[in-house]
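Chain A is already provided as a structure; the job is to place chain B on it using the hints.
Number of protein chains: 2
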Amino acid sequence: MLTNKEMRERDLAHIWHPCSQMKDYESLPFIPIKSGKGPYLFDFDGKRYLDAISSWWVNLFGHANPYINERIKAQVDTLEHVIFAGFTHEPAIRLAERLVTLTPDKLQKLFFADNGSSAIEIALKMSFQYYKNGGEVRDIFISLENSYHGETMGALAVGDVALYKEIYNEILIKTVQAKSPALVGSDEALDSMERLLQEYEGRVSAVVIEPLVQCAGGMAMYDASYISDLKALCEVYGVFLIADEIAVGFGRTGTMFACEQADIVPDFLCLSKGITGGYLPLSVVMTSDEVYNAFYCDYSEGKSFLDSHSYTGNALGCIAANATLDIFENERILDANLVKIDILGALLQRFEALPNVLETRQRGMIAAVELKGYRPEERIGLQIYRYALAHGVLLRPLGNVVYFMPPYIVTEEQLTEMTDVAYEAIKSLI
Amino acid sequence: MLTNKEMRERDLAHIWHPCSQMKDYESLPFIPIKSGKGPYLFDFDGKRYLDAISSWWVNLFGHANPYINERIKAQVDTLEHVIFAGFTHEPAIRLAERLVTLTPDKLQKLFFADNGSSAIEIALKMSFQYYKNGGEVRDIFISLENSYHGETMGALAVGDVALYKEIYNEILIKTVQAKSPALVGSDEALDSMERLLQEYEGRVSAVVIEPLVQCAGGMAMYDASYISDLKALCEVYGVFLIADEIAVGFGRTGTMFACEQADIVPDFLCLSKGITGGYLPLSVVMTSDEVYNAFYCDYSEGKSFLDSHSYTGNALGCIAANATLDIFENERILDANLVKIDILGALLQRFEALPNVLETRQRGMIAAVELKGYRPEERIGLQIYRYALAHGVLLRPLGNVVYFMPPYIVTEEQLTEMTDVAYEAIKSLI
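As given, the protein sequences belong to chains A and B, one line each in that order. Be aware that the first sequence starts at 1, since it is given in the numbering used here, and climbs by one per residue. Be aware that the second sequence starts at 1001, since it is given in the numbering used here, and climbs by one per residue.
Extracted from the complex, chain A is given alone in its bound form:
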């Protein structure tokens, strides 16, 4: 029988884990997972963990979901993958048709990639090349302070979380950050954005934002009205708006896509994470016929968009995504989530009374509790992580922000369990 101890030792001998200081694992509980079922993960010693963060915000309908499994099993027997240049297959076509139907009319075209970072890179490259194809060089991208868009160098360059970016400054291209509505409010943020659009007029390809919630930036939330006003500004200054809905898409903020709440249509919509229900890496960039047509010409004109990844349009990723959309439809998930969103909101309230809580906030199925009175060096989030794991709940605070981003199959009882454990963890610090 394999044990946690054995698996942990074997792992740490060779694996360098993501987003980790490996030395932390000398003292941190490091968990080898044997299996998953619904919202639960099980380790090799038989202990159960409630996955309150959907395994980094990707899982929607539980681990080892029987329906998604069935669809993947059928697909491997039919076609696992085929080159996606000059070739296509039904799972990709169905997925494209469904995403086009689910998003605003203007977004008629879809480009596939493998992960969120790659999707951001594609949106940046497409927006830059759109202008270059028309004879203009617009080498500036504007993003928001406190934003996060991924880890590859283009995506990292438009991010603004110092923790991930700062050490690489010398090997990143110059980009520009406007103030974040989540930190300074919409008015000041819009003023800041307009000043930059003026300062760099004629040089900006695109503005890129995470609509409604800057997730990696501590679940910092802002009003939909900022997005509508920003879109209007982008139109005045003639620059593209890229909506990075990698984390907030697929129902996370209550609506299928966060931009719906602002009633705007971005020029580029980047989707990943929940797109496959938490099963497989897949991402898409959606855009308009107008953008598509700026690249559509005789090959000799040199305006083609030649980006590709080997597994672009992977059939297994696409079938997992189709299965995920089936569940959204068949089980009317967005409606069902409304009840859970209310429950989560109610459960959040009692945190407000704790003396070490600065505020609570919520957008749909994302709820956050921000603590106060701790210095970063105290790594208070790590203490809560440790406490929660010991009590059977997987939380992963971002600095002083404890958050809940559960799979949509979560029950009221499970919502209560995860918030109870977080509450006790925070209370224990007082």
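FYI, nobody ran anything at the bench for these hints, they're computed from the structure. All figures in this text were calculated on a predicted structure; none of them were measured in a lab. Heads up, a few of these hints could be off.
[Claimed, not checked] The calculated lysine to aspartate or glutamate pairs, modelled on EDC-like cross-linking and capped at a C-alpha distance of 20 Å, are: (1) K73(A) <-> D1077(B); (2) K1037(B) <-> D77(A); (3) K303(A) <-> E1378(B); (4) K372(A) <-> E359(A); (5) K73(A) <-> E1378(B); (6) K1179(B) <-> E1136(B); (7) K174(A) <-> D1139(B); (8) K1174(B) <-> E1199(B).
[To be verified] One side of the interface only, derived from the structure: several residues of chain B facing chain A at Cβ under 10 Å: (9) W1057; (10) A1085; (11) E1166; (12) I1246; (13) P1281; (14) E1301.
Glycine is no exception: its CB is placed at the ideal position from the N, C-alpha and C atoms.
Just chain B, lined up with the frame of chain A:
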């Protein structure tokens, strides 16, 4: 019954395909694939295509491989995915242990990502940060002329195929290219490299190469001795060597990894494509304990490598990779390939006699026929692509270079079929 015509129309209404001028598809045969089996793909009209390029160099053991399918089916029922920060699972551990065993002793550590581009970005970031953690800013990467390392902005910046890179020059960081041994021979290439290492001494983090074959650069091949000499140079000047074996790894050049033929150990080894047998996007970066230890310290020192992708260490990708390694072991694939490599070599010979053939070349399971006398505007490769598809073979020439990179399950009969069709296609152009 779905038909090619219907699927094609539905696809082109919404999907923007990778590495494509979409207007080409007005006249190019565009193939909707219904299923795959072994080395064959089948379209919706029942036509069969021999996949002579392993669906962009990824497929090793055939489409819908029964053994890999069985392993994936078992895995989805157990655990499809779990966050890989602070958590782990058996398929990842097994894969790490096996890759560490298959590669030189020095490569003890492994970092996961989703695709080849992301692996390159990680190797670049790690090599840069290694020096930065030690107080040095080394902002220059050296790569080879005619190289290709992927599409995200960091990977693109170290590439040198103008077709993919040039249009984005203004949004890419500055990198430096040395002459390619495949184009000018090893001596001149080494001289060029040494001059650059001198010119940028103290500023270079790493040299990155595709060992033995610059695949996207027209299957340009060079001697293993260049790699050994280059490694020695890198040691003299104290810079890292990154081996991009994304395309050439996993037996493509005859040995498990191309670097084996040069008897050197790179500081970073990037693997992807064939790693999952052509099933799923997954990549790894392997490196030494020395590199790992330069990031291993108290968190407060700020030296952690905080890269991550949501699906890092995906359990389904890892199980596909383990199944792929099982097949390598159980069926002694590298030995079996030796026979096929000889057959392929023999089949290549008759191309030499054609007046429009410049040369043929081969490294293991990669064979190429370079044509002469055609201008790029003629897009002669496209004509061969069209001819081959009409004759039931999927070739995808790179400019004037027709190549074969078949799955390893290919038979002598199938090797004969694919080379016969290519021969007739090339002959028809005379």
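Hint check results:
1. K73(A) <-> D1077(B): The hint holds at about 10 Å.
2. K1037(B) <-> D77(A): holds, 9 Å
3. K303(A) <-> E1378(B): holds, 17 Å
4. K372(A) <-> E359(A): This hinted pair holds, its Cα atoms lying about 9 Å apart.
5. K73(A) <-> E1378(B): Not OK: K73(A) and E1378(B) at ~44 Å, beyond 20 Å, violated.
6. K1179(B) <-> E1136(B): violated, 27 Å
7. K174(A) <-> D1139(B): holds, 14 Å
8. K1174(B) <-> E1199(B): holds, 15 Å
9. W1057: holds, 7 Å
10. A1085: holds, 5 Å
11. E1166: holds, 9 Å
12. I1246: holds, 8 Å
13. P1281: Where the cut-off is 10 Å and the nearest Cβ of chain A is about 4 Å from P1281(B), the hint holds.
14. E1301: Where the cut-off is 10 Å and the nearest Cβ of chain A is about 9 Å from E1301(B), the hint holds.
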